[in-house]
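All chains should be modelled from the sequences, with the hints used to inform the complete structure.
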Amino acid sequence: MNESPNRPTPEAFLRQAAQEGRGRLKIFLGAAPGVGKTYEMLTDGRHRREAGVDVVIGVVETHGRKETEALIHGHELIARQAIVYQGQSIDEMDIDAILARRPQLVLVDELAHTNAPGSRHPKRYQDIEELRDAGIDVYSTVNIQHVESLNDVVASFTRVRVRETVPDSILESAEIEVVDIPPDELIERLKDGKVYIPAEATRALNHFFSKSNLTALRELALRRAAQAVDAQMLDYVRAHALAGNFAAGERVVVALSEQDSAPGLVRAAKRLADALHGTWTAVHIETQRSQNLTDSERDRLAETMALASRLGAATATIPAATVVDGLLAFAEDARATQIVIGKSARPWWFELRYGSVVDRLVRNLGDIAVHVLPGDSNMPIQPRVRSARPGRWGKPADYVWTLAAIVACTAASRLLIEFIALGNVALFYLVPVMFAAATFGLRAGLFAGLTSSLAYNFFFLPPTGTLTVNNPENVVSIFVLLGVAIVTSQFAARVRAQAVLAQSSARQNAALAGFSRQLTSSGSQEELMHAICAEISRLFDCRTVMLLPSRDGPQVRAAYPPENRLEDIEKAAAQWAMDNGQPAGRGSSTLTASDWLFHPLQTTRGILGVIGFAREDANETLRSDQIPLVMSLLDQASIAFDRLTLEEEMQDARQLRERDRLRSVLLSSVSHDLRTPLTTILSTIHELRRTPSEEMLDTLEGEALRLNRFVANLLDMVRVEAGALSLRVEATDLTDAVSAAVHDTRKSLADHEVILDIPPDMPLVRVDARLFHHCLINLLDNAGRYADPDTPVRIECRRTPFGLDLSVVDEGPGIPAGKEERVFDTFTRLEGSDRSKGGTGLGLAIVKGFAEAMGLEVFAKNNIAPFGARFTIHVPATTIVSDIDEEAMQ
Amino acid sequence: MTLRHKVLIVDDEPHIRRLIQAALARADYAVIEAENGRIALELVEAERPDIVLLDLGLPDRDGLELVPIIKAHSTATLIIVSAREATEEKVTALDLGADDYLTKPFDTNELLARVRVALRNRLGKDGGVAALKIGELEIDLMKRKVMKAGKDVHLTPKEYAVFAQLAQFPGRVITHKQIMDHVWPNESEHHVEYLRVLIRTLRQKIEFDPQRPQIIGNELGIGYRLQSPD
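If you read the sequences in order, they're chains A and B.
Per the working numbering, the very first residue in the first sequence carries number 1; after that it's consecutive.
Per the working numbering, the very first residue in the second sequence carries number 1; after that it's consecutive.
Since the hints were made in silico from the structure, they are not lab data.
Just so you know, these numbers come straight off a predicted model, no measurement behind them.
Any given hint could be a false lead.
EDC-like cross-link-like pairs, simulated, lysine to aspartate or glutamate; straight-line CA separation at most 20 Å [said to hold, decoys possible]:
1) A:LYS747 / B:ASP107
2) B:LYS104 / A:ASP744
3) B:LYS151 / B:ASP140
4) A:LYS26 / A:ASP54
5) B:LYS104 / A:GLU703
6) A:LYS747 / A:ASP790
7) A:LYS26 / A:ASP180
8) A:LYS747 / A:ASP698
9) B:LYS104 / B:ASP12
10) B:LYS177 / A:GLU730
11) B:LYS104 / A:GLU701
12) A:LYS747 / B:GLU110
13) B:LYS205 / A:ASP790
14) A:LYS123 / A:GLU164
15) A:LYS194 / A:GLU40
Following this line, the structure appears as structure tokens:
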């Protein structure tokens, strides 16, 4: 993955945040035993104590040195804790005692110490981490040989390998103070017996304390301290995304081209980075020239980049106007300290004319070292194969045409030479020159000028048949011919360029017009987003994606071609673009490791989201000349979004009014339907107290049942509207369903005869028995309420080619014309219907809700003879259980 | 009957307990009450009730958990009391061994009828019901004969198996699973549609009006129940 050096990385924030609130760690780092780390730590501790800080000593090893012991006096000592291991008692730091004591600062000697088995943590640095987690600052000491990453290095020249190591991460989270004395002085102290020698070192004592070793250790310690400072500063820089050169460690940037020598450069850069203990990045600067690379050159470049990646480099491809510009910008971004470039393969005269990349780099880079390396001599030289393509030199056919025109001109002049003056023949030659210059460009024009003057000279100027010129006047003619060729070609070329420009802006205008047409025809936000993605994708031949903010970060809402997996880095880029209103991703200056380039979509309400672009070939991005068009398209898109938002708000306002109306209808309906039976029940009970009567008890029961049914319907309706119906679909016998429904509605249908018209061979249907039952109950209730008294209610079941229809037919006023659909709306009670009939307006809405949840349809229409309403549940063929395997059954 | 039957009401609503208690006391049952699962289990052990009316919504534990415990520790007939929506819960309880269920809200007549059915099944449990008569339909389980209005009705073995199972405990609901386990013991996957078709052909043969079945009643989404004999 690509390391993008100039962005606030989440990890950097985390590291910073983790440090806040935690205790700080200061490490006194020494090159070797005896340099006075403990002494330094105690002195520092004493200063802190004198400054009013609550300091205690966790562990200090004085090794019997008097000066050191003297410093302990005055400090509070936390008694060590005895750990018994294999019969031996070993004193270890008492971490619980320190935690309970809660000092501001604790001094803990020997960071690399290994605790006795049975202690809380195996290593002392883990104890220290726990203390820091509790918010206690810690001072500690360590020698450079204990640092994990340097363990090998130290062992290689001191021949002493220590087993107690401290992870580098501990050092990176700490402030480091190097306790340094010159090697000579240390050797002096050793001779005076002032140095405590660790057990591992006694064998190789003299070797370990040799001056060369001590010098090397000292250098390591100093460098490690510098590295830690650098890492912390980098975190700070990354967390705050500061630009500028903060280099403290070395960062090598190698610029790669498609040239054969590039792999050699990569290896050289790797060696340089290793030698400097630095990080390195391989970068390819993509310029206009890159568009003209042949396939094999592209392949070679990709291989070189892959090689760099394998060797541990971060890689980047940066589009820029020129190699120098790109490299300068990248060096700044990456805070490079060293730049490696290859020796140019261009001829000397090219650099004389255009200036060399090296010169310009060195002039502009200030304090960055530039290494110019020759290519690998052992790399096989591959022939550069160029595909034939139009360039500044034009097609060979151009020259053939030019030549033909000159030949024709020469032939015509030969014929006319009898009649015209020699000087005018030169004018004839202007025709092919201007023709070539205007049609084929500068080079062809020059070619025509040169050829014409040669032909004029050869065929017409005396002595004819040679290229010598006798008359100086005629030399002038030749130069005039050439001059005309040059001037005409320049003008023609400019005109052509303008024509090309005009053509492309015409294309842009057409694109914009088409784009806005597409956008205005989109009716919803989703449609609009898809239209934007599809159009941009078509116009720029790229992949396009649109993201809107959500609780879990940017979310893909539309894409063309469909795309929903974005890498984390891409999401980070999208998020950044969203937060900052600036482009991010490949080709921008932020999070360039993302394959996508994200542009924010700015509307009048702020940033709506981002649009991302990517090429099929992830290494490429939008060309710089496409950016203005993209920007105007995005402006169009923003306007379209604003329009849509406005429309939606108006729509919302309408819906809100409608909802308000419905709510008041609901309130009046609910209060009426709940209160009516309650009132009846209360007054009946009141009456009953005085005169008990069977009839009143019946009333009571009826009203209670009505209330029960209403509450049940209300609950059902809430479930339908919340979409919370869980279906338990099983094969159901319509006979069961109908007879159960008829049984349950016998009270509301007491005045009606129920006629069942269900053929015995009706198939089973796959429905949720309970929901289906409620559909039927509500239809029967409805019939009982609206049918004329003493008329029959019919339940009909019919097979149709499309499935099966179950109808409830009553004889009554029927449904008012044109209201067939509306009867199923919530709280609709049709005009002319009587409130006293006690309908809630919920029943039919429940029928529709339940039926649709099961994949059934409901219709209402009027029955003609006898007149009345007919409600039909349509069971589609897919819901019918096809013929049962009778044999399997038996 | 010299001994009064003992009914345990398990419900956390005092009003409901009082109402049921009044109805049962009037019908001369001895009634004890429990307001939560813990007390219920204690009373099941200590008082050995004949019938337990168990509400599934208890404050201290899921009523469903109690079903197997009560069935394992006593011989009481267990009737589940639960809300209308909880079809799934009722089926689970019945399959776990509960004997019957009542849907809230219910009236006391229905309650008393269920208790009566439960007690009758309980009395006949050891020997089983040997023969019964529902209207003009007669079933002799010993002779494996079914008579409708005095005429022999011919049933296929599967039809008879279902009918006999329902007839063994008339008035009590038998779940789909219980029937299918009994009739198609070797089918690993149950097909409710087989059962529906079987019941339909059975009704054609034994019901007087197969469009309005009176003898084999359907319990929505739960199972079937044979109408109580006269």
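Inset, instruction - Assess, step by step, whether the Cα of LYS104 of chain B is no farther than 20 Å from the Cα of GLU703 of chain A, and give holds or violated. - result: Status holds; Cα separation ~17 Å.
Legend entry - Holds or violated: LYS123 of chain A to GLU164 of chain A, with C-alpha atoms at most 20 Å apart: 9 Å, holds
Inset, instruction - Please work out if LYS104 of chain B and ASP12 of chain B have their alpha carbons no farther apart than 20 Å. - result: Holds - the C-alpha atoms of ASP12 of chain B and LYS104 of chain B are around 14 Å apart, at most 20 Å.
Inset, instruction - Decide if the proposed pair is consistent with the structure: LYS177 of chain B and GLU730 of chain A, CA atoms, cutoff 20 Å inclusive. - result: 13 Å, holds
Inset, instruction - Measure nothing beyond the straight line between the CA atoms of LYS205 of chain B and ASP790 of chain A; if it is 20 Å or shorter, mark the hint as holding. - result: Not satisfied, since the Cα-Cα distance of roughly 33 Å exceeds 20 Å.
Inset, instruction - For the pair we were handed, LYS104 of chain B and ASP744 of chain A, check the Cα-Cα distance against 20 Å. - result: The hint holds at about 15 Å.
Inset, instruction - Decide if the proposed pair is consistent with the structure: LYS26 of chain A and ASP180 of chain A, CA atoms, cutoff 20 Å inclusive. - result: This hinted pair holds, its Cα atoms lying about 16 Å apart.
Legend entry - Agreement of LYS747 of chain A and ASP790 of chain A with the hint, judged by alpha carbon distance not exceeding 20 Å: Roughly 14 Å separates the two Cα atoms, so the pair holds.
Legend entry - 20 Å Cα cutoff - pair LYS26 of chain A, ASP54 of chain A: 16 Å, holds
Inset, instruction - Mind checking the alpha carbons of LYS104 of chain B and GLU701 of chain A for me, to see if they're no more than 20 Å apart? - result: 15 Å, holds
Inset, instruction - Mind checking the alpha carbons of LYS747 of chain A and ASP107 of chain B for me, to see if they're no more than 20 Å apart? - result: This hinted pair holds, its Cα atoms lying about 15 Å apart.
Legend entry - Given hint ASP698 of chain A paired with LYS747 of chain A - CA-CA distance at most 20 Å: 12 Å, holds
Figure legend: structure checked against the earlier numbered hints; the only hint not met is number 13.
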